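**Student:** Once you've looked at the hints, go ahead and assemble the two chains, each given alone in its own frame, into the complex.
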Amino acid sequence: MSQNLTSPEGLKEQFASITDAWALAQGIVDTVREPVLVLDKNLRVISASRSFYSTFKVSAEATKGELLYALGDGQWDIPKLRVLLEKIIPEQGVMEGYEVEHDFPNIGHRTMCLNARQVFDESGTNVTILLGMEDITDRRLLEIEKDALLKEKDVLLEELQHRIANSLQIIASIILMKARTVQSEETRLHLHDAHKRVMSVAAIQQQLHAVGVGGNVQMTPYLTKLCETIAASMIGDSRPITVKVVGGEGVATSRQAESLGLIATELVMNALKHAFPAETAVGEIAVTYERDGTNWKLSVSDNGIGRSPDGVFAQPKTGLGTGIIKALAQQLNAQVETVSDPSGTTVTVTHATFAAKGTRAA
Amino acid sequence: MKVLVVEDDNLIQALVQEALSEGGFETSITDSGEEAIKRLREEKPHYRAVVTDINLLGELNGWEVARVAREFDPTMPVIYMTGTHAEEWASKGVPNSVLLAKPFAPAQLVTAVSNLLNSGGPTTVPAG
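Heads up: the sequence lines are chains A and B, in that order. The numbering of the first sequence is this note's numbering, which starts it at 512 and goes up by one. The numbering of the second sequence is this note's numbering, which starts it at 1289 and goes up by one.
Chain B on its own, in the form it takes in the complex (with noise of 0.2 Å):
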């Protein structure tokens, strides 16, 4: 199964996807919230984690992708990457998720997201 990636800018599309491929994840990326929604609702079985940014093209953002993912899949992983959101995260975050606050390093995406699918019960501590 794959993790949705979701981000706006293409370059850290590829950093992140670099990462993930590095770490053994297989990744599914799009752009907008919009997007994301729908293949979580087409797709869900398929996916095993999200790492979402806040700002995303589209109308929705990052706090609301991961809120619907939520809604399909109570217990799925959630990421959040931000430059400048992290002070919401208590307040607009989804419970046991962890956040990542750019410039984070590579490794640092890889062990949050394998830290979520193998204890099952994600952490809480903000990464980065």
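Bound conformation, chain A alone (with noise of 0.2 Å):
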């Protein structure tokens, strides 16, 4: 007759002997790694596996045949352990990954998982449970600690954020407090120009800051907020000049927002010192940004002069925010095109090709 171990009715061939029977229970119980008991209905111990009395140093003299609870002078009278066995293991057969805390007095804190299951005769009348435990106290430990180390980032991150904002507002004061004091108009210029740069730098960053490295940016309320920022310290009271941004759903990276709100600052910023002469009657300076799969096109118009009768274009061709542009452009691996005439001057910053749609200052 052959044999098919594979099914029940094989194996009650081949283990037909309850003695067989047996021993093959107790070496699985005794191969299996983390620590096994098996109960019977009154949860008294019927076998444990040589991994339970390792681990918790238990003799099985002292093991087999006692109330569960009654272990270990009571140190298995655990309250979570007898809601397990006697209320959701009787109502639902099976539970796996319970988790019970408690001190054992022999090796100290522990927290274990458990896994536990009834297992019925073949009368539906006797009832053995099965109970296995996994010790998950280090694995919890460790979750603790990183934890602990991932709040302690962000308080560090929040520490130098803090910092950089203090340098800046440093940097910005001594600036403006030089400017007060130098003879020399045009250096006071400089020195106001240098201030206004610290300023739009500082408003990157904390645009930025909230959405974190490697996060997305929102191009458009980004360039907006920024906007806000260089008009309300550029655009005094008489000066009828307004700056707007159009654009749609576009996101950039940070790194990348981060060098586009550059270009813009510096773009914005020659469009109000250039662009529009006292007598100028309505300014716009319109600033798009556009997306389309990778490619990419920032653009900054306005409706001024083009060219003031100095010869100085609204976005000059040379100096140190020239400079600037065309150095984050290339880093953007992006080109700058410029186009002015008398009705007005138009940057565009793309990358890769991208369908001019033009958003000109009216």
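A hint or two may mislead.
Said to hold, decoys possible - Pairs of lysine to aspartate or glutamate, DMTMM-like flavour, derived with a Cα cap of 25 Å:
hint : chain 1 : residue 1 : chain 2 : residue 2
1    : A       : Lys598    : A       : Glu645
2    : A       : Lys552    : A       : Asp531
3    : B       : Lys1380   : A       : Asp665
4    : A       : Lys736    : B       : Glu1376
5    : A       : Lys689    : B       : Glu1314
6    : A       : Lys707    : B       : Glu1375
7    : A       : Lys664    : B       : Glu1314
8    : A       : Lys664    : B       : Glu1352
9    : B       : Lys1380   : B       : Glu1347
10   : A       : Lys707    : A       : Glu769
11   : A       : Lys664    : B       : Asp1296
Simulated from the structure, these hints should not be mistaken for laboratory data. Source: prediction; values computed, not measured.
**Tutor:** Right under this line is the structure:
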């Protein structure tokens, strides 16, 4: 007669002898790496794995036949364990991943992950309970340590941002103080320019702070906030100039947004300085960001004079600001194009190919 | 009466003190929330406004200093200075306070303090 050992019938044939079946069962219990207890319906220990004895430092003689809760002078009389064995298992038959924390006299504080299962005999009257235990104490400690380290990292980042903001405050204030004391008007103008650039860098840092490193930035609200900051510092009540941001839902990485913010800042500042002479009726500057897949275009256009009577373009071809724009564009792998005529100036910074839609200030 | 300035950075203390002094305000300066509260408790008739950073030395932050200041005097003008906590102002700031985002121009601070003192009903518009 062939034996099919994968079927219950095949197993019954091979282990027709109860002794053989018992030996197999005990062998399985002893082989399992985690501590395992086999309990009768009264929660007395029928058998325990060798790893149970070694883990909890108890002997077989002191364990077998004893009530579970009485083991080790009552160290297993744990309220959560009672709930598992007296309520959950009788109702549900199976429970996995049940965590119990306890201070064991021999081994100290432990967090155990328990699996429990009822096993009925063929008649359905006798029940055995299998209780497996996994010591997850170290894992839980590592998780607690990881959470603490993450919190510490957040605190350190906040402190770093705080220090950066303070440093920018100091730099901006010292530049302004120096601007008040210098005799040369040209020097004073350069110092005020430097102050505005520091304020712009600070505004960019503030906007990007909330996004975090590696996050994506919604460009339209970001550029809007930047332009509001620039306009507030550079447009006096008597100057009828507006700065508006036009754009859809384009996003950029925080690194790209930082560079694009600096470029937009330089272009808007240039337009405010050079595009609108004192007699300007209504001046408009439009900042546009468009994105299509990996292609994007940033443009700043004004309805100014294009070129002042003394020959200065609204967007100069040389100078510190122009150098900054070119360097940043190169970093972004983008091209800069300037179109200037008596109706105004438009500077576009384009990454890869992009079909121009063109938003020109009115 | 003086303006109580609570700021943990020494250089910024000096800059704020100079700005307020040029604006005609006397100042009393400390770097910790605990010391600020001690002064408010012991000297409160002598302070006309509180200008406070959010990150301070010690356990207390600027939000808490302002709350205690208002407990002593519900009309105390409060100006917050911060580089990193502006987004928390709506939920943690006291009503009718002003927030200046660092870096701010000294004139903005003087204007904020003057506005709060002159109007008697401080603005809720964030400066900076």
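**Student:** Confirm or reject each hint.
**Tutor:** Hint-by-hint comparison with the structure:
1. A/Lys598 with A/Glu645: holds (21 Å)
2. A/Lys552 with A/Asp531: It holds: about 23 Å lies between the C-alpha atoms, which stays within 25 Å.
3. B/Lys1380 with A/Asp665: holds (19 Å)
4. A/Lys736 with B/Glu1376: Roughly 17 Å between the alpha carbons, so the hint for A/Lys736 and B/Glu1376 holds.
5. A/Lys689 with B/Glu1314: Distance ~23 Å between A/Lys689 and B/Glu1314 Cα, so the pair holds.
6. A/Lys707 with B/Glu1375: Holds. A/Lys707 to B/Glu1375 sits at ~23 Å (cutoff 25 Å).
7. A/Lys664 with B/Glu1314: Roughly 39 Å separates the two Cα atoms, so the pair is violated.
8. A/Lys664 with B/Glu1352: holds (23 Å)
9. B/Lys1380 with B/Glu1347: Holds - the C-alpha atoms of B/Glu1347 and B/Lys1380 are around 16 Å apart, at most 25 Å.
10. A/Lys707 with A/Glu769: Answer holds: A/Lys707 to A/Glu769 is near 16 Å, not above 25 Å.
11. A/Lys664 with B/Asp1296: Distance ~21 Å between A/Lys664 and B/Asp1296 Cα, so the pair holds.
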